Every structure is written in C-alpha cells, then in structure tokens.
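Those protein sequences? They're chains Y and C, same order as listed. Add 6 to a position in the first sequence, counting from 1, and you land on the number used in the working numbering. Add 34 to a position in the second sequence, counting from 1, and you land on the number used in the working numbering.
Just so you know, not all the hints are guaranteed correct.
To list a few chain Y residues with every Cβ distance to chain C over 12 Å, as calculated [claimed, not checked]:
#, residue
1, Ser161
2, Pro173
3, Ala183
Per label pair, the in silico range of CB-to-CB distance [stated by the list, open to error]:
#, chain 1, residue 1, chain 2, residue 2, range
4, C, Asn91, Y, Ala183, 53 to 63 Å
5, C, Leu296, Y, Asp157, 46 to 56 Å
6, Y, Leu248, C, Leu71, 55 to 65 Å
7, C, Leu86, Y, Asp157, 53 to 63 Å
8, Y, Lys143, C, Leu234, 31 to 41 Å
Rather than coming from a laboratory, the hints here were simulated on the basis of the structure. Computed from a predicted model, the values in this text were never measured in an experiment. Even glycine gets a Cβ: it sits at the ideal position worked out from N, Cα and C.
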Amino acid sequence: MPGTRRLFRRGAASRVRRCEVIPQTGLWTTFLTLLVSLSLLGSACGSTSQSGSAPTSAATNALEGAFPVSVKAANGEVRIERRPGRIVSLSPTATEMLFAIGAGDQVVAVDDNSNYPPQAPMTKLSGYEPNVEAIAKYNPDLVVTSNDPGDLVKSLGALSIPAMLEPAANALDDTYAQIEQLGMATGHVSESARVVASMKSQIQQLVASGPTFDSSLTYYHELDQTYYTATSNTFIGQIYGLLGLRNIGDEAKGAASGYPQLSAEYIIKADPDIILLADTKCCGQSAATVANRPGWDQITAVKTGAVVGLDDDIVSRWGPRVVDFLQVVVQALDRLHERVSA
Amino acid sequence: MAAVTEVRGAKLTVRPTRLRAWLLVAALGCLAGAVLLGVLVGPVRLPAGAVLKEFVNRLPLIGVHSGLSQLDAAILWQIRVPRVVLGGLVGAMLAMAGASYQGVFRNPLADPYLLGVAAGAGLGATLAVAYLPGRAGWPADPLPLTAFAGALVAVAATYVLGRSGIRSRNTATLILAGVAVAAFFTAAQTYAQQQHADTLREVYAWILGGLGTAAWRQVALILPYVAASGLALLLHRRLLDVMSLGDEEADSLGIRATRVRLTVVIIATLGTAAAVAVSGLIGFVGIIVPHTVRLLAGSSYRRILPLSVIFGAAFLILADLIARTALSPAEIPIGVITAFVGAPFFLLVLRRTRRLS
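Based on the provided sequences and hints, a complete structural model is requested.
This is the structure:
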C-alpha cells in the first residue's frame, strides 16, 4: 500500500504543470491567494495557457482518503489509522505547511510560536519545552514537531498518539518531502503535490527573473546583532546560492556548523554588496541601526542602501513561504540593479 | 612575607611590602605587549608599519601619512582599538574586583559574581530584551543600564538578606544569601526568557559575553565607573592587608572591619556591574588573575591590587585576541578562552611556584 501511494505521489507531482489553474477550496484558497498576490505567479503565468488537465482524477480521489497509511518521517515509519481530525502542531513550519495543503481545519492546536497563518489555533503549548500531558489534553490523533526534546515522540507513542518528526530542512528537497509527507498523513496528497509543484515553479521563475550583474554579488546574512551568520551550507544559504550570490561567511566555513559568529572587522573588510537582516523582529535591527554601527558606513551595501530587512519568522522557517523570502531578495536585487545601472 | 608582624608589647611594625619597581615595570611591559599585539593582529591583516604610523599621526604636532585606506583606518580606529581598550578595562575591573572580594571575605574562591552580580545583570538584560521592544531604535541602548541596575538590585538584596551575618561577622551568611539571591534571580530570568522564547537568541548572545560589538560608546559608558571603582579599591589596599588578619585583629588596630568590608564590596560591585553590563558574563578572570599575582608577588594587597589591574587588562586583551583570531574570521566566545587557556596556565604557575618554594 505505501508503495503505490508513493508512486502516485510522484505521478501527481509530475503531472502538475507550471502555473496550472488550481481548484481552490477552503483555507487553501486564502493561503494561495495570499501567496499569489505576493508573488510573480500571476503576471508570469498569463501566457502559458496550455496547462495540463486538472490532477484530480477519479483514481486519485479514491486513494486520497484511503487510510490507514504509513508515512516515513524523520522518526521512521509512522502508521496513521484514520484520517486525522485533531492534529497538534508544535512546529511553526509544520503549521504553515498543514494550512498550505488544506489540512488547516484538521488542526486543533498549534504551539506558541506558530503565528502564521493568522487563523492557526495558537495555544500556550511550547515546542521547546513540550509538556506531554498538556498536548494529550487536546486528544490529538496526530502530533507534528520539528524537534524531539525529552523523548517527546516516545512519550506520545506510549499514549498511542502518532507523532511525526519533521526537523529543520537542510535543502529545499527536504521541504518538498516534508510537505508531501504531511499531505499523505492528513489525506491531502494531491494538494500537497500541487503546493510543491507551485513552489518549484515560482522559485524557478523568481530565479530566472532576477537581475544579472557584471560580477557575482557578495552578501552578509545577519542572524543577530552580535554577527552570527549562516553560511552557504545552510538551508537559507542554499537559497541565496540559487540567485548566484556569494556568502562572505563562507570563509569561516569550518568554524561552526554553518552558523559562525563573524568578527566585525572582517565583515567591514569583506565589504558585502548586500546585507540581509534576519534580526529585525527579534533584535530590532534595521538599515538605520546598521548604518549607525561604528565603521559600517564604509561598507558598500550601507553606502548604496542595499541593507534589506527580512521577516525573522519567514527566514527561520523552511515552509511554503520560502518563496516570499526569495521574492524579497529578488526585489532588493532589482532595486540595486536599477541604482547601479542608473 | 607576612605583611604585618605583631611584636609583643602591643607595638606593631608594618614591614614595607611595597610594590617592587622591577615587578611593576615587568607587568607594565606585559600590558604594553598585549596592547600592541591586540592592535596589530586581527582577522583583517593591516600592515604593522602603517598601524604604528597611524598612532604616531594621532600624537599632537606630528603629521605622518600612514597609507592606510579609509576602510582600513575605520577598522583600526572604530573596531579594533575600542575592542582592545574595552577588553583592558573589563579585564582590569574583573581582576581587581575578584582580588578585593577574596580579601574582604578571606575566601580564595570568592569572585566578582559572588553576591549575585551575574544573575542580577542577567535578569536586567533579559527584561530589557523581553519587555522593551523597539529599543534598538532608541538613541542609547538601555540594555547595559538595565543589566547594571539588575546587578545592583541583586547585590542589595543579598545585603538585606545577609545582614545578620554582616553584624555577626560571619561572612558565610552573606555568601549563602548571595547564593540564594542568585538562584532566585536566575529563576526569574529563565521564566521571563521562557515566556518570550523569541528573545532567547539575543539573551543568550549577551550571557555568553564577549567584546565582538565593542565600540567607543561602551568605553565611554563604563570608564567613569571603572576608573572611580578602581581608584577607590586601590586606596583600600592597606586596609585589605589588615583585614586579611581577621576581623578581631583589624578591630584591635582601630579598623572597623565590617564597615571596610561593606565599602569595598559596594565599590567592587559597582565596577563589576558596569563591566558586565557591556561585556556580558566573562568568567574566571576574577579568580585566576589575582591568584596568579599572589603566586608571583606574595600575599600583600599592596601588590596584588595594582598588579591585578595590569595583569587583568593584559590577560583579557590576549584572551580576546585568541577569541577573534584563532578561527578567524569566525569568533569564539571569550569565556571559552578565559577558561580554556586560563586554567592550564594557572595550574602551570601553581606547579612552578610550588617547586620554587
């Protein structure tokens, strides 16, 4: 059974073409409209009219609701007996994924950091310090978490509550796999395939639409105001890599597991063309505070106004809104390109 | 080496235990070397000749062109030099405060964080991060001030709670009160942090400590406190020698031991709180430096205090040099260096002096 399911999944994904007209239902609609309005999807897709037929054939519909299923998550095969209707998500990324694939109305509780989408039923449950009893109180039939502190998954197993561990992604492919796993686990296989296909095509378009510079630009991605950064090896770094940007933190590659703390004087000397702040919410940083730092007025990015504030939440998650993040970066590059060529 | 020799017949002579000139010169040479290294070496290679010319250029009436680019000059004057200066100030303050605490409590394990300074400052910093959103846009970051205030409140609480101990001269009561206050403040801090999980990163960055974001602004912020506190502690060096005999003996010499202890602790705490407010928690300096000085120069506070100032500054400048160059361009938390390098060095000094004596 799992075998055919997997086959189907792949089939559905490949059948979904770029810019397809997607049947819109429920929460997925709201999410997608948001996504579309924010992205270039609409404008770029007008011409490609010959999209494939809608991916919901009779056969897939029959498979769609077929339970029990076994889903392979990071904690191994998880068997889910019935279509879950009381999901608890302890991971902000998983929450975003669940709502994106149309499983939002099956979610009864999300953790205290799952602030998106706004209709997610946020509770005081903590993903950092999970309390098994408090989770069990929601009588969940599926728990999704991104880390497993204090053997959470095992404790839930003892209560016969299936739990899926969906840890931080190392690459976009992990994101796609997680979305598809959640689709299988919640009975939204074809919708999850559509989300993945849509993400892929949007990312492809954004990358293609990005401006080209004479030489590849360097960037500094700031995690906090003590100059922790993420190298090209990290999830976020790989996304910048799609745009051909070079990371100034890569010099420090061996130093830490992808997240070294850089010296201020090194950052100034490396003279990045663009600075991206992933500490606008946590630590109140902005183009103005960066320009105020001693010596930073010498940096090209500060001189040309290429200091970009990012949404900490979006940047720290590996869900569907990766597309939004990529778009902010592409827009910043566009502005920079205009200024440079002007 | 006894500082005070009691002579039967109630007459008391104090043998001169002044700081010997050669020791002072050696210490200052050590500090000068550390400063020079700290200024010349860094993640960005600046030509040594040009850096020295930059310094000469700053002297009045001399105009030399160093040949440093504007960017390199900015790195030198706005990043590297303030970092070395701040490291020196913090190191000197922590070492001196440690020596003073050890003196007044006659406890070799006393350190500048003994009476809850660290926990109080940590709570103050956490509250600023958690409850003052948008403070990054303020003209001055309130975090050092709240950390400073937190440290003072914690030590004041320790005093109020341990007061009976102060009167009865049982310093253990005070230290235990400090332990309890520190535990309470740490609990409050953890709670505030947990309620604002989004602030975790910033709070931890502060607690880990470091001089990575050092600027002249911070030097200006703590200089008055460190200077005043340092001067006041140095003026107490003779009293600390007398205190080391014990409270009874000090009293018999006309010194009110409890009052001296209170004064010294307040002064040392004030300076420590200022240092912690800008550098975060840097451990081990307050213990290792005074003890190394003791091993080198004997037990008189007339030597220990001034030498702790100098060696403390040199030690932290060098530790920070390692922190910013060992994995360059990545940084290592300075607390890791102070313990990792400091502990073996201390053991080495301990072994050598044992062998000599």
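Evaluation of the provided hints:
1. Ser161: holds, 20 Å
2. Pro173: holds, 18 Å
3. Ala183: holds, 27 Å
4. C:Asn91 with Y:Ala183: 53 to 63 Å: Because 60 Å falls inside the window, the suggested range holds.
5. C:Leu296 with Y:Asp157: 46 to 56 Å: holds, 50 Å
6. Y:Leu248 with C:Leu71: 55 to 65 Å: The hinted range 55 to 65 Å is violated for Leu248 of chain Y and Leu71 of chain C, with Cβ atoms some 43 Å apart.
7. C:Leu86 with Y:Asp157: 53 to 63 Å: Hint holds: Cβ distance 59 Å, inside 53 to 63 Å.
8. Y:Lys143 with C:Leu234: 31 to 41 Å: violated, 25 Å
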